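**Q** Letter by letter, the chains look like this.
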Amino acid sequence: MFCGQAARRFSTSASARARRCFKKFNLYEKRATPELQQNLKEGKYPEFEKRFSRGVREPFLPVGGQEFVPNEKPAKERYEFEPFPAHWDVSPNISRNQVLVRKTMWHPRDVEPYEKEFIPEMIPDLIVPDLEGFKLKPYVSYRVPDIEQPEFTAQDLFHAVYTEKIVQDFKEGNLNEDGSSKEPSPAEQLTRDEAKIKVQQTGSDYVW
Amino acid sequence: MRLTCVMRCVPQVSKSTKKYSNLPESYIERAMDQIEWQNPDHGPQYVKGKVIKRHRFYFGEHRPWTYEFFKDNAPGSYKAEVLVEPIKDWSFFKGDLVEVLIGKDKGKQGLINYIVEERNWVFVEGLNCKFEVKGKLKDYPGMLVKVEKPLLVTRDVALVDPSDKKPTKIEWRYTEQGERVRVSLRSERVIPIPIMDEETVDYKTKSVYKEQPKDTVEADLAMVTFTPAHGTFQMQIMEAMGIQEHRVPKKSYWYYLEERC
Numbered sequence: 001m002f003c004g005q006a007a008r009r010f011s012t013s014a015s016a017r018a019r020r021c022f023k024k025f026n027l028y029e030k031r032a033t034p035e036l037q038q039n040l041k042e043g044k045y046p047e048f049e050k051r052f053s054r055g056v057r058e059p060f061l062p063v064g065g066q067e068f069v070p071n072e073k074p075a076k077e078r079y080e081f082e083p084f085p086a087h088w089d090v091s092p093n094i095s096r097n098q099v100l101v102r103k104t105m106w107h108p109r110d111v112e113p114y115e116k117e118f119i120p121e122m123i124p125d126l127i128v129p130d131l132e133g134f135k136l137k138p139y140v141s142y143r144v145p146d147i148e149q150p151e152f153t154a155q156d157l158f159h160a161v162y163t164e165k166i167v168q169d170f171k172e173g174n175l176n177e178d179g180s181s182k183e184p185s186p187a188e189q190l191t192r193d194e195a196k197i198k199v200q201q202t203g204s205d206y207v208w
Numbered sequence: 001m002r003l004t005c006v007m008r009c010v011p012q013v014s015k016s017t018k019k020y021s022n023l024p025e026s027y028i029e030r031a032m033d034q035i036e037w038q039n040p041d042h043g044p045q046y047v048k049g050k051v052i053k054r055h056r057f058y059f060g061e062h063r064p065w066t067y068e069f070f071k072d073n074a075p076g077s078y079k080a081e082v083l084v085e086p087i088k089d090w091s092f093f094k095g096d097l098v099e100v101l102i103g104k105d106k107g108k109q110g111l112i113n114y115i116v117e118e119r120n121w122v123f124v125e126g127l128n129c130k131f132e133v134k135g136k137l138k139d140y141p142g143m144l145v146k147v148e149k150p151l152l153v154t155r156d157v158a159l160v161d162p163s164d165k166k167p168t169k170i171e172w173r174y175t176e177q178g179e180r181v182r183v184s185l186r187s188e189r190v191i192p193i194p195i196m197d198e199e200t201v202d203y204k205t206k207s208v209y210k211e212q213p214k215d216t217v218e219a220d221l222a223m224v225t226f227t228p229a230h231g232t233f234q235m236q237i238m239e240a241m242g243i244q245e246h247r248v249p250k251k252s253y254w255y256y257l258e259e260r261c
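Those protein sequence lines, which keep their order, are chains L and E.
Using full-length UniProt numbering, the first residue of the first sequence is number 1, and each one after it goes up by one.
Using full-length UniProt numbering, the first residue of the second sequence is number 1, and each one after it goes up by one.
What the hints contain is simulated information worked out from the structure, not anything from laboratory work.
Don't take every hint at face value.
As the list claims (entries may be wrong) - Quick partial rundown of chain L residues pointing at chain E, CB under 8 angstroms, derived from the structure:
hint: 1; residue: 137
hint: 2; residue: 156
hint: 3; residue: 161
hint: 4; residue: 170
hint: 5; residue: 198
hint: 6; residue: 199
Stated by the list, open to error - DSBU-like, lysine-lysine: derived pairs with alpha carbons at most 35 angstroms apart:
hint: 7; chain 1: L; residue 1: 165; chain 2: E; residue 2: 250
hint: 8; chain 1: E; residue 1: 149; chain 2: E; residue 2: 94
hint: 9; chain 1: E; residue 1: 94; chain 2: L; residue 2: 137
hint: 10; chain 1: E; residue 1: 250; chain 2: L; residue 2: 182
hint: 11; chain 1: E; residue 1: 94; chain 2: E; residue 2: 48
hint: 12; chain 1: E; residue 1: 214; chain 2: L; residue 2: 137
hint: 13; chain 1: E; residue 1: 165; chain 2: L; residue 2: 137
hint: 14; chain 1: L; residue 1: 137; chain 2: E; residue 2: 18
hint: 15; chain 1: E; residue 1: 165; chain 2: L; residue 2: 135
hint: 16; chain 1: E; residue 1: 214; chain 2: L; residue 2: 135
hint: 17; chain 1: E; residue 1: 19; chain 2: L; residue 2: 137
hint: 18; chain 1: L; residue 1: 135; chain 2: E; residue 2: 206
hint: 19; chain 1: E; residue 1: 251; chain 2: L; residue 2: 196
hint: 20; chain 1: E; residue 1: 251; chain 2: L; residue 2: 182
hint: 21; chain 1: E; residue 1: 136; chain 2: E; residue 2: 71
hint: 22; chain 1: L; residue 1: 196; chain 2: E; residue 2: 250
hint: 23; chain 1: L; residue 1: 198; chain 2: E; residue 2: 250
hint: 24; chain 1: E; residue 1: 165; chain 2: E; residue 2: 104
hint: 25; chain 1: E; residue 1: 15; chain 2: L; residue 2: 137
hint: 26; chain 1: E; residue 1: 166; chain 2: E; residue 2: 149
hint: 27; chain 1: E; residue 1: 71; chain 2: E; residue 2: 15
hint: 28; chain 1: E; residue 1: 210; chain 2: L; residue 2: 135
To be verified - Over 12 angstroms on every C-beta distance to chain E, these chain L residues come out as not near it, computed from the model:
hint: 29; residue: 60
hint: 30; residue: 64
hint: 31; residue: 126
hint: 32; residue: 195
hint: 33; residue: 206
What you are looking at is a predicted structure, and each value in this text was computed from that prediction instead of being measured.
Built from N, CA and C at the ideal position, the CB exists for glycine as well.
Could you build the full structure based on these sequences and the hints that come with them?
**A** Printed below as a string of structure tokens:
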């Protein structure tokens, strides 16, 4: 049983974890005392906003290649000399002659403030192809009958590139005895090694 | 094997229902699912794919993906097992002219407007009806609505011969073109499958389907925009962008071990 003096406890974490927030990460922007909300709007706690920015990286970098300087003092010591935000739960710890801080709402970062510079390239810019005049749409109408398309084979490619020229040469008598053309086109002149070089010149590592 | 064993295997979502829904099969499965427990994917302590769910469904006159079907099969409820006579070839389709063989409408002919293949049921337009009072309140007597009741295909209904309009038995046969048709045994005439059979949730027939703004039209779909050309994809891109490369790469070789050759 409890004895001695009666103690009443309260915490701000319940209101910070707004009821719907079942994952238990705190939603400070949504729920806070009017005083704190006012302070947040005015930007009195920049660190506070940074901590709960939910993973969105700011498009800023330290000026002149500065680095983040961690505060070398342990956090506990610093608390004694810094003023506390009003919403902290601060109470004197009499036996150790210290100030006890319950980190009920947020933990200040161990990082010194630094000068920062806006860098526009850090804002993601999605480049999307322009689909104006593109007629295919996400679905196919039920009216469309089944379309059967044969596979495009090497023979089809041969017909597309060479056949017309060969037929023309044959009709005009421009063929040698071995079947090669007397006046070959650039496609006909192409040897295996030259073709290979042309492919590799694109930067492709295709080897056969 | 006993006949009852065969009959117990029957109740699954039938082909005609799936066809009418015009929905993916997986959607119908998902809509019917009543999962009580499913093991998580991760973790070595879980047996993979272990599911506790309802396997036996009661098929009434409602479609399996509807809320009414869910109400028929409410979680925790039990319905007596229904034995359905297995049929080899389903031969009743929407729009068929049939004669009712039982009940007060015995001898009357009408068109089939609804099919539940899972139960061997057929609903005939305006025949074998009952009256239901709907919307009844304290101070309002309600409306009397005429509702068709199901008829068993195996017993209560017969297809009508198109030549003399009398009920017949039918047989599935092949034409000389290899087409599978229903033939009336009374006059050996083919009973064609009606156009109404093509109807689904989305359209009456495909040809009269109203195209939506997100549908691709036939002319756009059938257009061939591919022109075969010499060279790889990268080479064609370089040519289109006007990129020229004069450096010649060094020769490289592949050496194979003898075993592989």
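**Q** Tell me the hint numbers this structure goes against, listed in increasing order.
**A** Result: hints 4, 11, 13, 15, 32 and 33 break, sorted rising.
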